[in-house]
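K.L.:
Listed below, chain by chain, are the residues.
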Amino acid sequence: MSKLICNQEKVNESIIEELIKVCPFHAIENKNGKIEVNSGCKMCMLCVKNGPSGVMEFVEEEVAAIDKSLWKGIGVYVDHLEGEIHPVTMELIGKAKELAAVVGFPVYCVFIGHNITHKAEELLYYGVDEVFVYDNEELKDFRVEPYTAAFEDFVAKVKPSSLLVGATTIGRSLAPRVATRFKTGLTADCTKLEMKENTDLVQIRPAFGGNIMAQIICPNTRPQMATVRYKVMNAPEKSCNQSGKITICEIDKSKLTSKIEVLKVTKKEAEESISDAEVIIAVGRALKTEKDMEMVKELAGLLGARIAGTRPLIESGFIGAKQQIGLSGRTVKPKLIITLGISGAVQFTAGMNGSEQIFAINTDPHASIFNIAHYGMVGDIYEIVPKLIEDIKSFGAEACIM
Amino acid sequence: MEILVCVKQVPGTTKVEVDPVTGVLKRDGVDSKMNPYDLYALETALRLKEKHGGTIKVISMGPPQAAEVIREAYMMGADEGALITDRKFAGADVLATSYTISQGVRKLGSFDLILCGKQTTDGDTAQVGPAMAENLNIPHIANVLSIIEMKEKSIVVEMDMASTVEIVEVQFPCLLTVEKGIFQPRLPSYRKKLITKDREVKMITLKDFDDKNEKNYGLNGSPTQVERIFPPDANSDRETWTGTGEQLGHKMASKLKTLKFI
Chain A
1 MSKLICNQEK VNESIIEELI KVCPFHAIEN KNGKIEVNSG CKMCMLCVKN
51 GPSGVMEFVE EEVAAIDKSL WKGIGVYVDH LEGEIHPVTM ELIGKAKELA
101 AVVGFPVYCV FIGHNITHKA EELLYYGVDE VFVYDNEELK DFRVEPYTAA
151 FEDFVAKVKP SSLLVGATTI GRSLAPRVAT RFKTGLTADC TKLEMKENTD
201 LVQIRPAFGG NIMAQIICPN TRPQMATVRY KVMNAPEKSC NQSGKITICE
251 IDKSKLTSKI EVLKVTKKEA EESISDAEVI IAVGRALKTE KDMEMVKELA
301 GLLGARIAGT RPLIESGFIG AKQQIGLSGR TVKPKLIITL GISGAVQFTA
351 GMNGSEQIFA INTDPHASIF NIAHYGMVGD IYEIVPKLIE DIKSFGAEAC
401 IM
Chain B
1 MEILVCVKQV PGTTKVEVDP VTGVLKRDGV DSKMNPYDLY ALETALRLKE
51 KHGGTIKVIS MGPPQAAEVI REAYMMGADE GALITDRKFA GADVLATSYT
101 ISQGVRKLGS FDLILCGKQT TDGDTAQVGP AMAENLNIPH IANVLSIIEM
151 KEKSIVVEMD MASTVEIVEV QFPCLLTVEK GIFQPRLPSY RKKLITKDRE
201 VKMITLKDFD DKNEKNYGLN GSPTQVERIF PPDANSDRET WTGTGEQLGH
251 KMASKLKTLK FI
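If you read the sequences in order, they're chains A and B. Okay, so the first sequence: first residue is 1 according to my numbering, each after it adds one. Okay, so the second sequence: first residue is 1 according to my numbering, each after it adds one.
Hints are computed from structural coordinates only; laboratory data are not their basis. Among the clues, some could well be false.
Stated by the list, open to error - Below, computed lysine-lysine pairings styled on PhoX-like, alpha-carbon distance capped at 20 Å:
| # | chain 1 | residue 1 | chain 2 | residue 2 |
| --- | --- | --- | --- | --- |
| 1 | A | K231 | B | K255 |
| 2 | A | K97 | A | K231 |
| 3 | B | K207 | A | K192 |
| 4 | A | K238 | B | K260 |
| 5 | A | K3 | A | K72 |
| 6 | A | K268 | A | K72 |
| 7 | B | K180 | B | K49 |
| 8 | A | K157 | A | K183 |
| 9 | B | K255 | A | K387 |
| 10 | A | K231 | B | K180 |
| 11 | B | K215 | A | K183 |
| 12 | B | K260 | A | K231 |
| 13 | A | K21 | A | K49 |
| 14 | B | K212 | A | K264 |
| 15 | A | K157 | A | K72 |
| 16 | A | K297 | A | K335 |
| 17 | B | K180 | A | K393 |
| 18 | B | K180 | A | K333 |
| 19 | A | K387 | B | K251 |
| 20 | B | K255 | A | K393 |
| 21 | A | K335 | B | K260 |
| 22 | A | K387 | A | K297 |
| 23 | A | K140 | A | K335 |
| 24 | A | K68 | A | K10 |
| 25 | B | K202 | A | K393 |
| 26 | A | K387 | B | K260 |
| 27 | B | K212 | A | K183 |
| 28 | A | K159 | A | K192 |
| 29 | A | K268 | B | K180 |
| 30 | B | K257 | A | K42 |
| 31 | B | K180 | A | K259 |
| 32 | B | K215 | A | K3 |
| 33 | A | K21 | A | K42 |
| 34 | A | K42 | B | K215 |
| 35 | A | K192 | A | K335 |
| 36 | A | K238 | B | K215 |
| 37 | B | K49 | A | K335 |
| 38 | B | K202 | B | K212 |
Full structure from sequences and hints, please.
P.N.:
Take a look at the structure:
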């Protein structure tokens with residue numbers, strides 16, 4: 001048992017006061033000249049590190065070490081809907097390969113579903129060593145109990161040291177159940193992962209709304225589990241040749257029972273509103289004629305973006321009123337916004353300055369849009385945009401690598 | 001119908017900073033509130049009770065002052081509430097937290113339906129609900145968009161998946177995590193505040209649990225360890241590029257590719 005203890009003999013009124021100030025959680029109280037730690041304590045140890053020396057002490061007890069050499073390999077959960085593999089899976093394979101290289105581990109995939117065996121072939125182009133497939137009728141739709149059972153079977157059989165799961169709707173639901181079943185650690189939404197020589201996975205994630213980064217390890221249990229959001233890691237290049245193998249796993253049907261029945265599945269309709277668009281191209285006065293909207297539309301199509309604009313552009317009738325950004329329009333907070341020929345008046349920027357990445361093109365180097373843009377390009381949209389479109393198209397045509 | 005709602009007290013603001021020199025958390029005051037996502041879970045419980053009858057109990061885990069969120073739940077219409085609080089629970093991660101709450105749940109009685117918000121605004125993991133369901137050995141549905149039908153032994157709900165919406169039926173007992181927007185949460189009522197001002201908030205500590213082994217709770221029961229906390233890289237650098245249209249077009253395309261928009 002590890003414990004936080006207080007050496008009361010070193011305590012006096014001024015020391016108590018100092019400690020109360022050090023604790024950010026108001027967990028240290030003055031009880032008649034003695035220190036009392038209440039249940040607000042989060043074991044952050046700041047009282048030990050930053051308090052008066054020797055008063056608060058953390059007594060650590062050695063925990064019986066587990067044999068880490070029994071757990072090998074890095075497993076990736078194949079996220080999919082009816083066999084359509086979610087691209088976060090390839091990104092996790094890419095990261096798993098990097099991590100595995102540090103300690104000489106193989107990379108595994110676990111693919112759970114129905115009528116998916118042929119789809120597993122696709123994964124072999126990305127350099128995984130072995131894909132474990134659970135292909136059963138009971139696993140047709142995502143139902144958490146049978147999926148957890150199949151995942152459990154994989155972990156028990158293969159004993160992977162680390163498991164990476166996409167932080168998708170399914171991953172967020174499934175990973176906590178698997179982690180709890182194995183009484184092991186799970187770190188959500190990691191933004192960075194590293195491997196130590198001793199096979200401990202270093203997991204870094206934002207905490208407290210992204211104001212702090214926390215570095216987390218799971219030193220005494222296996223498997224170590226982490227979820228990662230889509231578009232955080234890099235997918236490996238697709239190879240022209242397959243490598244690795246597919247292993248079909250049998251599981252006892254009695255383990256695949258569920259108290260959940262899926263009655264109906266409806267495909268979502270494409271979202272129309274600019275308010276929840278992830279990528280937006282915003283156009284301003286610099287656009288000369290309505291015909292030039294074709295160029296904007298082409299770029300939007302390539303980036304999966306929605307088109308929005310400033311008030312003057314709405315007034316010119318090039319785009320609809322619902323597409324207006326700004327104080328008299330909508331507020332947007334996309335992952336990416338590209339502004340084309342917008343000077344950046346506050347009436348406009350108030351509606352978009354919370355965007356994660358702002359790219360701006362404007363001919364005037366003193367335009368105020370450059371004060372908020374992460375990447376500002378001083379130039380003419382009629383010269384830059386066609387080049388940009390050309391480049392994006394050529395990226396798409398890239399072939400697999402030999 | 002026995003309904004349990006899990007709520008958490010969270011800081012009133014997410015503006016927490018770390019002193020880059022000392023690594024100390026800078027917290028502004030003691031301002032705290034009920035996790036906003038939990039309001040939707042509580043509202044769902046209240047609507048179900050209005051239509052189908054039953055009792056609503058509320059459970060939370062935290063320092064003694066977290067009893068405030070139980071009181072707030074009373075003001076909205078919850079019938080009973082308990083706070084799991086013990087210094088021995090300090091430093092709990094997802095595994096230890098979910099285990100602790102499920103021990104507390106067992107002490108409160110048996111439930112047909114457990115409702116949670118989809119995540120908290122401070123921890124932000126969305127993992128404790130599903131992990132609790134695993135500890136209690138019951139099925140769960142995450143990201144519930146709406147309640148379609150309540151039956152005697154099951155509930156039919158609409159579940160949000162990335163590209164589909166699924167209608168699923170799940171048997172009781174079960175746990176649901178609800179999306180914000182499932183119902184508009186009501187405001188606490190002043191009348192209810194007066195009625196419930198003397199209502200007890202039950203305090204549950206480790207010695208009330210079936211499993212009293214300290215090693216399963218708090219820091220000792222947590223497989224994950226925080227090695228260090230540090231401020232994120234400042235990402236406020238702004239770049240302005242000049243050049244010919246061709247150069248800028250190329251530069252922009254490769255930047256968009258690095259940032260994974262292409």
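K.L.:
Checking against the hints above, which ones are violated?
P.N.:
3, 5, 6, 10, 14, 17, 23, 24, 25, 28, 30, 31, 36, 37
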